[in-house]
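K.L.:
Heads up, the sequence shown stops at 382 in our numbering, and the numbers go up one at a time, no gaps.
Just so you know, these hints were derived from the structure itself, not from any lab.
In silico lysine-lysine, DSS-like type, Cα no more than 27 Å apart, as pairs:
| # | residue 1 | residue 2 |
| --- | --- | --- |
| 1 | Lys379 | Lys149 |
| 2 | Lys78 | Lys44 |
| 3 | Lys344 | Lys158 |
| 4 | Lys156 | Lys44 |
| 5 | Lys112 | Lys44 |
| 6 | Lys379 | Lys360 |
| 7 | Lys297 | Lys63 |
| 8 | Lys49 | Lys379 |
| 9 | Lys78 | Lys379 |
| 10 | Lys44 | Lys144 |
| 11 | Lys344 | Lys144 |
| 12 | Lys137 | Lys149 |
| 13 | Lys296 | Lys185 |
| 14 | Lys280 | Lys185 |
| 15 | Lys44 | Lys149 |
| 16 | Lys158 | Lys342 |
| 17 | Lys221 | Lys322 |
| 18 | Lys149 | Lys344 |
| 19 | Lys63 | Lys156 |
| 20 | Lys146 | Lys107 |
| 21 | Lys49 | Lys149 |
| 22 | Lys146 | Lys344 |
| 23 | Lys322 | Lys283 |
| 24 | Lys112 | Lys156 |
Being a predicted model, the structure only gives us computed values, none of them experimental.
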Amino acid sequence: MRVKRLNPKDSAEIQRWEDFVLKNGYMWHSSRWIDIIKNSYGFEDIYLYVEDSGGNIVSVLPLFHVKAPFFKDELVSLPHVEAAGIVNVDYFDRYEKFLIGNVKFKQLKIYQFNEKIKDYPYNNIHSVFILDLPDSEKELVSIFKKKEKASFKKIFNGELNIDTRCNENNIHRFLSLMKLKMKEFGTPWHRDVFFYNLFNVFKEGIKLAICSYEGIDVGAGVVLVYGDVMYELYLTVPNKFRKTRAGSTLEYYFTKKAIDLKLERYSFGRSPKGSGPYNHKKGFGAEEYPLNIYSFNFDEGKLKPRIKAFVGQKYGWASKIVKMVPVPVLNLFSGSVRKWVY
Numbered sequence: 041m042r043v044k045r046l047n048p049k050d051s052a053e054i055q056r057w058e059d060f061v062l063k064n065g066y067m068w069h070s071s072r073w074i075d076i077i078k079n080s081y082g083f084e085d086i087y088l089y090v091e092d093s094g095g096n097i098v099s100v101l102p103l104f105h106v107k108a109p110f111f112k113d114e115l116v117s118l119p120h121v122e123a124a125g126i127v128n129v130d131y132f133d134r135y136e137k138f139l140i141g142n143v144k145f146k147q148l149k150i151y152q153f154n155e156k157i158k159d160y161p162y163n164n165i166h167s168v169f170i171l172d173l174p175d176s177e178k179e180l181v182s183i184f185k186k187k188e189k190a191s192f193k194k195i196f197n198g199e200l201n202i203d204t205r206c207n208e209n210n211i212h213r214f215l216s217l218m219k220l221k222m223k224e225f226g227t228p229w230h231r232d233v234f235f236y237n238l239f240n241v242f243k244e245g246i247k248l249a250i251c252s253y254e255g256i257d258v259g260a261g262v263v264l265v266y267g268d269v270m271y272e273l274y275l276t277v278p279n280k281f282r283k284t285r286a287g288s289t290l291e292y293y294f295t296k297k298a299i300d301l302k303l304e305r306y307s308f309g310r311s312p313k314g315s316g317p318y319n320h321k322k323g324f325g326a327e328e329y330p331l332n333i334y335s336f337n338f339d340e341g342k343l344k345p346r347i348k349a350f351v352g353q354k355y356g357w358a359s360k361i362v363k364m365v366p367v368p369v370l371n372l373f374s375g376s377v378r379k380w381v382y
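Go ahead and model the full structure; you've got the sequences and the hints to work with.
P.N.:
Right, here's the structure in full:
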């Protein structure tokens with residue numbers, strides 16, 4: 041057994057990584073995030089895998105080196121992606137040894153999906169929800185609540201329109217709605233280039249839908265098909281449009297699309313425990329998977345585990361400021377701030 045570093049320019053090695061992830065991991069572990077995150081923010085990719093004596097990949101650990109003078113020197117799995125971590129945590133010791141011997145860094149953070157890393161302490165204020173898809177649209181409709189079902193009729197009678205063209209104009213419409221919603225959350229948003237890289241790199245599997253009511257855009261969603269799972273990357277409905285139930289309408293559209301594509305599961309993404317989205321997803325019947333955030337300091341030649349507050353817990357005061365600033369002003373610096381917030 042040995043740890044190796046993925047060469048993003050080696051197409052054969054990339055294919056071996058992708059084949060393993062498709063069978064054993066999730067979309068978050070895909071090597072395609074290298075192009076998205078590296079080209080958007082310039083972070084160095086350090087994608088590691090364990091290879092057995094027969095040359096077979098048995099574990100992967102995607103990482104980025106987030107580094108800024110006097111500010112950050114952190115290996116992260118994965119920044120700006122809702123989860124990732126190690127596929128097959130039994131090999132953590134091998135990764136630890138490799139990193140200590142080959143990479144200079146001060147901290148390590150792992151957004152570990154589902155599996156736990158030994159008995160190390162972790163922060164788990166978020167969960168990811170994944171729904172096993174029913175076989176038919178009729179079974180799907182039965183999952184939604186009565187009020188949500190009523191919103192579907194608006195599609196059929198033309199009150200709500202869904203535009204599924206994945207073109208530059210619709211990406212711009214999505215970004216406009218997303219920025220309004222992020223401002224409501226008090227969260228800075230990515231640079232536009234991050235989203236254009238996302239749409240370009242995953243162009244075969246990405247799907248976009250804009251929901252409008254009486255000619256006004258009221259909601260938008262972006263999903264990605266990877267393997268047998270449809271991943272909900274963004275579902276955004278600004279508060280002033282919530283009464284249109286565009287969120288439920290988009291969820292219905294995407295889950296129905298997943299069934300039509302013969303997919304097996306639908307990932308609703310992560311939500312803070314106890315939040316409205318968390319309760320909604322739980323009530324939907326989706327299975328809850330823990331997102332365990334591990335943090336380590338590299339000190340005296342060893343990785344020392346510690347509990348570190350999630351960014352939202354630590355900088356809640358900053359969110360109050362973001363909520364008060366107009367979107368055009370936030371747009372001037374939001375991407376530069378978001379680079380370091382994950």
